[in-house]
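*Asks:* Residue numbers (this note's numbering), protein chains in the order written: chain A, 7 to 135; chain B, 7 to 135.
Worth flagging that the hints you see were computed from the coordinates, not collected in a lab.
It is possible that some hints are incorrect.
Just so you know, same-sequence chains aren't split out, so a pair can sit in one copy or run between any two.
Listed next, the in silico SDA-like pairs over lysine to any residue satisfying Cα-Cα at most 20 Å (straight line) [to be verified]:
hint: 1; residue 1: 11; residue 2: 54
hint: 2; residue 1: 48; residue 2: 129
hint: 3; residue 1: 43; residue 2: 59
hint: 4; residue 1: 135; residue 2: 124
hint: 5; residue 1: 43; residue 2: 99
hint: 6; residue 1: 126; residue 2: 27
hint: 7; residue 1: 126; residue 2: 46
hint: 8; residue 1: 11; residue 2: 66
Protein chains: 2
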Amino acid sequence: MTELKFDEKGLIPVIVQDALTSEVLMMAYANREAYGKMLETKRTHFYSRSRQRLWMKGETSGHVQRVVELRVDCDQDAVWIKVEQHGEGACHTGRRSCFYRAAPLGQAGAVRLEFRDADKAFDPAKVYK
Amino acid sequence: MTELKFDEKGLIPVIVQDALTSEVLMMAYANREAYGKMLETKRTHFYSRSRQRLWMKGETSGHVQRVVELRVDCDQDAVWIKVEQHGEGACHTGRRSCFYRAAPLGQAGAVRLEFRDADKAFDPAKVYK
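Isolated chain A (complex conformation) (with noise of 0.2 Å):
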């Protein structure tokens, strides 16, 4: 039996991976209840930390995404689901991916960089009325 850890605030971290193109969709938080959800309905539930509030994805937008794998690492602290995104994309700003900001490699460390931007997929005003 492996029993998952959530840490102090109650959360553990899960990676959204798109099913279909292998990357990255987000990342964010779920309590057990959110979990829990996500693994009977198979539709990706998450707790906002900001919002103090369980949500699921595409409650406003209807970008749903239906959960197709679900595994947990070693240490029993990370979540890695695969997804089916419905809709144009998973990101707030307009993208397929919230990881839309590239970083150049091979400089000196620097925290604060220029980011390169990825393309909008659709407009957010229109969607998240």
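With chain A held as given, fit chain B onto it using these hints.
*Replies:* Just chain B now, with coordinates in the frame of chain A:
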């Protein structure tokens, strides 16, 4: 300009994806120093919360990871990197990926679950001495 958001412990989660197979190999945390070294040397560096020190992936096993792409998410509080994994695998248990436990889906939301384990790629006793 984009400023990375390190958490209250000075850490940011880093998702490590295999550039070859697209599987997620591991998730670990970087502090500013580890992030800087990662950009500069293109070798993955992290901060160990349990050992409270900077470490380079592969420093004991030789299974180093070369960073080929680095991205930051919309909230600037998570990093996704693609790596070339050297050696047989990333996990200290002998698997290629740390996410070797698959959970059955479609069940009522239980956190304690039987997981299916993946086969080992190498003998950890011979690699981690």
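*Asks:* Are the hints correct? Go through all of them and say.
*Replies:* Hints and how they fare:
1. 11 - 54: both (18 Å within a copy, 17 Å between copies)
2. 48 - 129: neither (27 Å within a copy, 35 Å between copies)
3. 43 - 59: Close inside one copy (14 Å), not across copies (36 Å); limit 20 Å.
4. 135 - 124: Classified as neither: same-chain Cα gap 23 Å, cross-chain 43 Å, threshold 20 Å.
5. 43 - 99: neither (26 Å within a copy, 30 Å between copies)
6. 126 - 27: within (17 Å within a copy, 26 Å between copies)
7. 126 - 46: Answer is neither; intra-copy 32 Å and inter-copy 29 Å both fail.
8. 11 - 66: neither (30 Å within a copy, 26 Å between copies)
Of the numbered hints given earlier, the model fails hints 2, 4, 5, 7 and 8; all others are met.
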